[in-house]
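Student: If you want the building blocks of each chain, they are given just below.
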Amino acid sequence: MIKAILIFNNHGKPRLIRFYQYFSEDMQQQIIRETFHLVSKRDDNVCNFLEGSDYKLIYRHYATLYFVFCVDSSESELGILDLIQVFVETLDKCFENVCELDLIFHMDKVHYILQEVVMGGMVLETNMNEIVAQVEVQNRMEKSEGGLSAAPARAVSAVKNMNLPEIPRNINIGDINIKVPSLSPF
Amino acid sequence: MALKIVKGSIDRMFDKNLQDLVRGIRNHKEDEAKYISTCIDEIKQELKQDNIAVKANAVCKLTYLQMLGYDVSWAAFNIVEVMSSSKFTYKRIGYLAASQCFHESTDVIMLTTNQIRKDLSSPNQYDTGVALTGLSCFVTPDLARDLANDIMTLMSHTKPYIRKKAVLIMYKVFLKYPESLRPAFPRLKEKLEDPDPGVQSAAVNVICELARRNPKNYLSLAPLFFKLMTSSTNNWVLIKIIKLFGALTPLEPRLGKKLIEPLTNLIHSTSAMSLLYECVNTVIAVLISLSSGMPNHSASIQLCVQKLRILIEDSDQNLKYLGLLAMSKILKTHPKSVQSHKDLILQCLDDKDESIRLRALDLLYGMVSKKNLMEIVKKLMLHVDKAEGTTYRDELLTKIIDICSQSNYQYITNFEWYISILVELTRLEGTRHGHLIASQMLDVAIRVKAIRAFAVAQMATLLDNAHLLTGNTQRNGICEVLYAAAWICGEFSEHLENPMQTLEAMLRPKVATLPGHIQAVYVQNAAKLFATVLKGEEGNTDGTAAQEASQLMIDRLPLFVQSANLEVQERASCILQLVKYIQKLQQKDVEVAEEVDALFAGELNPVAPKAQKKVPVPEGLDLDAWINEPPSESESEDEQPKAIFAKEEPKHSRPRHTEVDEKELARRREARKQEQANNPFYIKASPSSQKVYQEAPGVEHIPVVQIDLNVPLKVPGLPMSDQYVKMEEERRQKERAEKKKKEKKKRKEKRSGRGKKHDSAPESEEDITPAHMVDIVTEEMPENALPSDDDERDPTDPHKALDIDLDRPLADSEKLPVRSHRAAEAQKSPTDGETENATLQEPKKKNSKEKREKKRDKERDRKKSKEEKKKKKHKHEDKEEDLLGGQADEPVLQSEETSQVAEPPTSSSTTAEEAATVAAAAPEPSVTAPDSEPDEPKDTEMEETKSSKHKKKKQKKEKEEKEKKKKKKHHHHHHHSDGAGEESVQNGTVEEEEPLPPMSNYCLLAENSYIKMMMEDAEEVYDIQGNLQDGSQVVVSVIFENKCSSFLKSMEFNVLDSLNSKLQRPEGSGPHDGLVVPFQLPPGVSNEARFVFTVQSIVMPQKLKGTLTFIVKNEDDSTHEKLDFKLHFTCTSYLITTPCYSDAFAKLLESGDLKSSSLRLEGVNMPFHHLLARICFHHHFSVVERIDSCASMYSRSIQGHHVCLLVKTSAQTVSIDAKCDEPTLLGNVLDEIKQTFSQC
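Quick note, the sequences are listed as chains Z and H, same order. Each residue of the first sequence is one higher than the one before, counting from 4 in my numbering. Each residue of the second sequence is one higher than the one before, counting from 206 in my numbering.
Misleading hints may appear alongside valid ones.
Listed below are the simulated DSBU-like cross-link pairs for lysine-lysine, each with C-alpha atoms no more than 30 Å apart in a straight line [said to hold, decoys possible]:
id : chain 1 : residue 1 : chain 2 : residue 2
1  : H       : Lys323    : Z       : Lys146
2  : Z       : Lys16     : H       : Lys221
3  : H       : Lys292    : Z       : Lys146
4  : Z       : Lys112    : H       : Lys221
5  : Z       : Lys96     : H       : Lys323
6  : Z       : Lys59     : Z       : Lys112
7  : H       : Lys221    : Z       : Lys44
Since the hints were derived computationally from the structure, they do not count as laboratory data.
All chains, full assembly: derive it from the sequences and hints.
Tutor: Here it is, written out as structure tokens:
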């Protein structure tokens, strides 16, 4: 079982959190902080596992983001590493060259993609094409319904941004594209 | 109205969407909290609007804020509103928010039940999918109970996308509503063979999760998983299955034996490291479970270790880490194979990755032996010196201590060496583990009597050089060792060479800078030393030394009297007064030493850490009972404490503290010794130790041997552990030389050269004798201590509730609650419910004796449920009661019991055997002889012994028994994959109606004077491809029974193929070649072989001609013989028992695709339930619904034809109306049914 999936950046800012068992908000934040503390002090050239008492942390570090899966003993370490890779590659496909900004502004979409990979703490699908296909069908459905913020609202939001001079766009975001390393054979 | 809408949408334009919110937060870095609180206010406004789009947008933003740590549970109701929107876009937002912030105590969840149910049955698969995903995160016991049935139906949804989600969520449902497990399990199991790999993988996932927690309940699935393992190519599925097998093997070692081969094959063949690693892990688990009894597993161990070595040597840190992890598992059972890779593991200590270094340390912990302990610790000490960063160094330190102290200092042969190691460790800077070192010093000094003199000398030196340790205030942690040093010097001061010097060292002014608790120990032990000094000076006439000591105390102690620490102050002032008094006496030349010494007489014994827990509760003491009645309010407060103490004291005083006379003590001791001697779990300290006892009654029962050191130990200054390593080596060499001498002597005496090997062989563990016979003092335990701690499972563990026997047939009360009234009505009749359930139920493994045992436990439950049933029956139908009431129940129970008794307790469980047969036969029927041969003879042997037992026991019932046996064997071998119905229905009926006449599934195929061939008359049929277009495969099991007194061998089975049916032959053989039967038959033995046929069309029955050729081997000659036979494939043999729900059945009939036909049977003279059972058993049908003397039945062919029957009976006439989408098939099936009943 996967207990939790956390994505945060190099400064520990959460980009996506998904707990499969209940924790209060404060507890969740504390877990994120502690996980970040554990993971961030590790070099990139050390192994990607951290063992706790009854669970383990398996993580990957891509450019500015950490993808951390907290799993119990029933999961295979290398299997989860590959799953993270699949997940990131799927993000890459869905967002076309995914970068941290995509995750920042489209947390909901990232959740929807994750939902096609992991459900209730168990791995649902590992075939990337299948995941992408399901996500796309659902996105099309959303589009056909007009989306959450339909075209006019979008336009207004764009105008709002233009009219408000104090909002500098995307300033001080040092985001780099997530480099997807070559897939290990799985 | 219209205006309102327009206004709403205009408002909407100025709402922030998620992106705006994120952008806003990023732009308000300084006052983020303030900005967000204004945003939350806006969101609250938005949520008040009627427009669902606005609400959805607000909820979406809340989800983001939740991630940042804001509690959004106040919006739970709005989230439910958004969830219930009809638009997918909003619904998805709602469910996402719910899955992020709902939990069991969210009260609005109960409002969602109907909405979720609606979404689950939505025609849009993505609505269903979103609901399932959401539900998986916030399912509560109530939701689980209410929706279990809906989700179960979704498991058979047409879309694999929904099926896999439904299967996965079932796990959550089981956790929250354990009662759903048994009704849902058959379908879950079915999904293991779902054509869609995703669904299959999900089912494997769920069953693995379930089985991991309660593996014994899932042993019966092993054959199925075995099949999946050998057929699946999905690495995810394989990993899960292989991990599951790792959990199952400890319960069933024979399963392990069968696993080794396919696993090693996978290890050799796979390129995926993840799979390789899990295979290795499971092989290790298997080997651990098999640790004895398998001669050739050293090859597998070698393979594993080799592969792990490759992993460890890999440059990928992950592989290295996992390799070490797996290595440590092998280590537990096969330390020798790992020890040869010591070099590699020591190398890993230099790795840059700390987690790898720590893993390597763990490994070292298990690798030490008496022989290499010193060497390994020496290496570790080097690393301690080199290590950067205190955390790792501290870890090293604790590991060194762990390694040395493990299993009661088992590996330490030389405690002087160990003490010197400890002393060396004290020189570490800035360690946090001073306390640990100190406790080790104390432990060793107290428990190893022989080392005390040496330890005291070392500690005295430490105290002398205390400034080295305390010089830097930064090194505070290490000064803890001074606590130990002071205590040891004080307590065992009789061993001190120069107590006066040590006393002086302990009273230095600098001591006052130490932490309070250490000072306190200093003061106390200074007093002990003082006593020793006095005693030592007793004989001297001038007595100046004694007076010097007193003076020293009087001079130095005032410093401590002024201490800020109360403990120090108290002790110091107390002792100071004492010494002043002693000084007075000394000045009067009074002998005081004796009396002063008496202050510290007696020995302090170590108490075992668990001792307190193990104090048995004295008889008659109820810890939960009130000592006093709970105080009433009127009682005055002053009185209370008095009353409590007055009553409490006598009850709580432990037996040891009471004044007991010598006799009583002796009696108790005797009784305890007796008990310990008889208790196999009590580990005796050592056989020799019980001989010597000391005088003092309190310590008497602690066996201690007084040993003289044979090596004089005078090492000035701080010791170097290396010296001891050298000394130890020399000692060992000496020993070896002596041994050799002895051996030579022996050899000379015996004059045989057999002993040569001993010379060259490396020193084995046992050869090394400890430097001095060190006896370790056992820790004190309370009298009558319980032998071991019971490992209690966490009572809150949700998986405990899922420890459910899945093979027991379903009871009425267990059905999942269903909403619709119609369905509920159909189930009201208890009989129908039972039979229907039974058909859903998996085949019950009646052959497994394990279950028999379980049954006994469960009979109680069953009786209960039966009582319930009875009650129901009373309510509903009086008619039924006559038929099924008490009369039927009791005999069944009895017969079960008798069968339990009759069953010879041969194999403990048969699951592995099943796995074995599957491995041997199922996946490839054409397994060539050499592969399976090694196993087969064993099997036949087993069979033989079994059958002989049978014969002895039951000569009377020979005929019946034979039939049963065959049947049993049949089930034995196949129940894993074949139709469930035949047996379950049988069970169902056996459960509550009178027992059925025995029905055999085997019919005679051919027979001559040598051999008898029996064919399963309804062959086990299954569709390997799961693909209905390709021809289907049929497996035929044939039993060969040797009837003559000669040995039968080289059997070849051949069939003349027809256009429609072909025998599957191994690749490369011609269409007319025979198949070698993979076993030989000794006289009187029977065995079974299985053959696979490919069948094109199944609508017509088939007959195939075949020949069996074999060699009859007598003592002197052998002859070739042959036997012709005809294989008859009936149409029913192509039917698979498939459970069907009444609603699905009704739909099927309504669809109008089915052609109908009917059949009338006259003069059938048997009870209706026998009739149904016969149809189920012989023709692979399952009962869908039964009302009185009318029943609907269903079956499906291997090519997916539906066959529906409506069976009615009145008087002696049975009419069967049948419908099927293939009229020819139907006609033939009906003919066959007719034939079945005409025979009886």
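Student: In ascending order, which of the hints set out earlier in this document are inconsistent with the structure?
Tutor: Hints 5, 7 not satisfied by this model.
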